[in-house]
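Peer 1: Now for the letters of each chain:
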Amino acid sequence: MVKSTIEETRVSNEQAIKTYRPDARISDIDALIVKDFSVYYETEAGTVKACDNVSLTLKQGERFALVGESGSGKTTLAMGLMRLTRPPGHIAKGSVKLNGRDVTKLSDDEMRKTRLSELALVPQGAMNSLNPVMRIEQQIMDGIIDHLDERDSRPSAQELDEIVKDLLNRVGLRPQVARLYPHELSGGMKQRVAMAIGISLKPNLIIADEPTSALDVVVQRQIMQTLGRLQEGLDASIMLVGHDMGLVAQFADTIGVMYAGRMVEVGPVYEVFSNPKHTYTQLLIQSLPSLKEKKELVGIPGLPPKLIDLPPGCVFSPRCPKPTEECKKGKIEMGLIEVSPGHLVDKCCVNCGQN
Amino acid sequence: MSKFLELDHVTKTFGSSGILGQGSLTVAVDDVSLSIDADKPDIITVVGESGSGKTTLARLLLGSHTPTSGIVRYNGKDFSKLTKREKRNFRREIQPIFQDPFESYNPFYKVDHVLDAPIKNFRLASSEANKKRMIEDALEMVGLLPEETLGRFPHQLSGGQRQRIMVARALLLKPKVILADEPVSMVDASLRATILDSIRRLNKELGISVVYITHDLTTAYQISDSIMVMYRGTVVESGSVDAVIPNPQHTYTKLLIESIPQPDPRDRWGAEPPQQNWDIQDDELTGCKFSDRCPTPTEECKNGTIDMGLIEVAPNHFVDQCCLKCG
Numbered sequence: 001m002v003k004s005t006i007e008e009t010r011v012s013n014e015q016a017i018k019t020y021r022p023d024a025r026i027s028d029i030d031a032l033i034v035k036d037f038s039v040y041y042e043t044e045a046g047t048v049k050a051c052d053n054v055s056l057t058l059k060q061g062e063r064f065a066l067v068g069e070s071g072s073g074k075t076t077l078a079m080g081l082m083r084l085t086r087p088p089g090h091i092a093k094g095s096v097k098l099n100g101r102d103v104t105k106l107s108d109d110e111m112r113k114t115r116l117s118e119l120a121l122v123p124q125g126a127m128n129s130l131n132p133v134m135r136i137e138q139q140i141m142d143g144i145i146d147h148l149d150e151r152d153s154r155p156s157a158q159e160l161d162e163i164v165k166d167l168l169n170r171v172g173l174r175p176q177v178a179r180l181y182p183h184e185l186s187g188g189m190k191q192r193v194a195m196a197i198g199i200s201l202k203p204n205l206i207i208a209d210e211p212t213s214a215l216d217v218v219v220q221r222q223i224m225q226t227l228g229r230l231q232e233g234l235d236a237s238i239m240l241v242g243h244d245m246g247l248v249a250q251f252a253d254t255i256g257v258m259y260a261g262r263m264v265e266v267g268p269v270y271e272v273f274s275n276p277k278h279t280y281t282q283l284l285i286q287s288l289p290s291l292k293e294k295k296e297l298v299g300i301p302g303l304p305p306k307l308i309d310l311p312p313g314c315v316f317s318p319r320c321p322k323p324t325e326e327c328k329k330g331k332i333e334m335g336l337i338e339v340s341p342g343h344l345v346d347k348c349c350v351n352c353g354q355n
Numbered sequence: 001m002s003k004f005l006e007l008d009h010v011t012k013t014f015g016s017s018g019i020l021g022q023g024s025l026t027v028a029v030d031d032v033s034l035s036i037d038a039d040k041p042d043i044i045t046v047v048g049e050s051g052s053g054k055t056t057l058a059r060l061l062l063g064s065h066t067p068t069s070g071i072v073r074y075n076g077k078d079f080s081k082l083t084k085r086e087k088r089n090f091r092r093e094i095q096p097i098f099q100d101p102f103e104s105y106n107p108f109y110k111v112d113h114v115l116d117a118p119i120k121n122f123r124l125a126s127s128e129a130n131k132k133r134m135i136e137d138a139l140e141m142v143g144l145l146p147e148e149t150l151g152r153f154p155h156q157l158s159g160g161q162r163q164r165i166m167v168a169r170a171l172l173l174k175p176k177v178i179l180a181d182e183p184v185s186m187v188d189a190s191l192r193a194t195i196l197d198s199i200r201r202l203n204k205e206l207g208i209s210v211v212y213i214t215h216d217l218t219t220a221y222q223i224s225d226s227i228m229v230m231y232r233g234t235v236v237e238s239g240s241v242d243a244v245i246p247n248p249q250h251t252y253t254k255l256l257i258e259s260i261p262q263p264d265p266r267d268r269w270g271a272e273p274p275q276q277n278w279d280i281q282d283d284e285l286t287g288c289k290f291s292d293r294c295p296t297p298t299e300e301c302k303n304g305t306i307d308m309g310l311i312e313v314a315p316n317h318f319v320d321q322c323c324l325k326c327g
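Taken in order, these protein sequences are the chains called V and R. Going by our numbering, the first sequence opens with residue 1, and the numbers climb by one from there. Going by our numbering, the second sequence opens with residue 1, and the numbers climb by one from there.
These are calculated hints, taken from the structure and not from any lab test. Among the hints, a few may not be true.
Label-pair ranges, simulated between beta-carbon atoms [as the list claims (entries may be wrong)]:
| hint | chain 1 | residue 1 | chain 2 | residue 2 | range |
| --- | --- | --- | --- | --- | --- |
| 1 | R | HIS113 | V | ASP109 | 45 to 55 Å |
| 2 | R | ASP242 | V | PRO132 | 52 to 62 Å |
| 3 | V | ALA24 | R | SER69 | 46 to 56 Å |
| 4 | R | GLU205 | V | PRO132 | 22 to 32 Å |
| 5 | R | ARG266 | V | GLU150 | 48 to 58 Å |
| 6 | V | TYR181 | R | SER126 | 49 to 59 Å |
Ideal Cβ placement from N, Cα and C applies to all residues, glycine included.
Next up, chain V with everything else stripped away, as it sits in the complex (with noise of 0.2 Å):
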């Protein structure tokens, strides 16, 4: 694992997202310091390593996108965080630091009160993780209420109708969307009660699920907007998790990405979608169509593997346009170095000579 000098490391990645997101308010404050983290699924035919020794931070502010294809392990890794992963699956390993406690040994009453005040998750809303039974205004009051201490009084109704309200109001919604059941909402406007929910309890770091995966362009960017608007608002982090490469670059401030279970490649949006390092990064980043020039539409061959039978080396070796002997045995050695300051790259990709 990469040992740099982690301080400098810190100073240089703050400018670098100066550079391009010039209002952004970046403390030194470190909102999640995860290391080493794992999880794994337990079945029959052996163990499923999901999610491989994960290590990542994140400032107070910060952007931060997951990238990577469906089995990833890029929703494990965030639902690990969060600690809702579900048996056979099970934190193996790792820690979860948030603002300086960790998470993976609260016990699970405290992880509850956690959830939500500390770190919320905004699930996609268009889809289905709303109450088609309940009204607006009952599923956003029910995390609210939840979370009140014993010895806090209850909020008259009075006040929780207030709060619904000017939470409506920040995402960009209506007072009278309170009344509403969820059939009677657009998607984006589902997206944005997913986000008034996330944000009831100012928490200190989002993490977003695909907020926008099933919705069109334009409502794709004012959802995004607003999210980051809030984002700001709370002085809270966010983690961002999706596959789409355009949105990344147009959000985040550092990206990080995933294949098979491990991370490949991390740093700041900039130096990453200017000088992606691992072979992956740099066909994800080519597969996007472009409006600027047609040519052909290249995918990325080949399939992810099954992560219970990984092939010997390195795990995207099978998909590589260029391996070496090296790469497929798996004589090269693996693990995250420091390429530049912030970005770290698989070795694999950096000692193959091909890059």
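Given chain V, put chain R in place with the hints provided.
Peer 2: Same frame as chain V, but now just chain R:
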């Protein structure tokens, strides 16, 4: 030139304004004309946001909606006057591919089922061996290996594979037109290119016309020949992609293009665009339908005294007059 399928000033509305005026009328498709030539296979893109009437347009083309006014013609004949035999023929010649590669399968059947069924229905194969060869050819055409796909259940395949099987299924019937309704919006970005490429190859190599319905202008630009931009049921801009995309004239087309998340951190979105006001019923809209979201609407645009309708601004490039005259 023979027109295979033609929409002639077609309008489709849902609901009604009600006797006492309390009902709601939705104009899903408003006076749209479109024709698909059998001789000249093109890829036509219909683009617009959710609720713009793209899918209703697709259903009109498939004959599963009857128009409220206007005529749908198949080989020059009014669709409502087709004989049973002609309708059956029509259903073979136009094949849909739907958005969701998960819900278009029955999870209890192997994927072979979706490939067997059309062959059986239309009695396309003379023998088992013949059938097997047809299926294998179709799968290979879309870049799948038969031995890796056949005999599996849908959940054992990836979304991209499932969607390509749907393309193969459409292909089995040797259609003249493939109607693809958001075929890649539920698929990983890295697999989109592969699926779109197989659709483009069908067009180029087998001469199948494609109607590609999407909200993604980048892929539309990459694969299609002509484009129709829809907003609230109306076509606001149309023409060849090479004319429209580099030089959009309608404010809505411009908004669509600006909203594409460019994979370049140096080229970020501008200010947040206004939301569509769904409270305004379609029959309450006077004037330009886009005026409530337009950043620069004039009084004429809003009160409807401006002329509407498409005019040609350049060869094969049509734009709604409103956006040209308002200055």
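Peer 1: Against each hint, give a clear statement of whether it holds in the structure.
Peer 2: Against the structure, the hints:
| no. | hint | result |
| --- | --- | --- |
| 1 | HIS113(R) x ASP109(V): 45 to 55 Å | holds (49 Å) |
| 2 | ASP242(R) x PRO132(V): 52 to 62 Å | violated (45 Å) |
| 3 | ALA24(V) x SER69(R): 46 to 56 Å | holds (54 Å) |
| 4 | GLU205(R) x PRO132(V): 22 to 32 Å | violated (46 Å) |
| 5 | ARG266(R) x GLU150(V): 48 to 58 Å | holds (52 Å) |
| 6 | TYR181(V) x SER126(R): 49 to 59 Å | holds (54 Å) |
Comparing the model with each numbered hint stated earlier shows that hints 2 and 4 do not hold.
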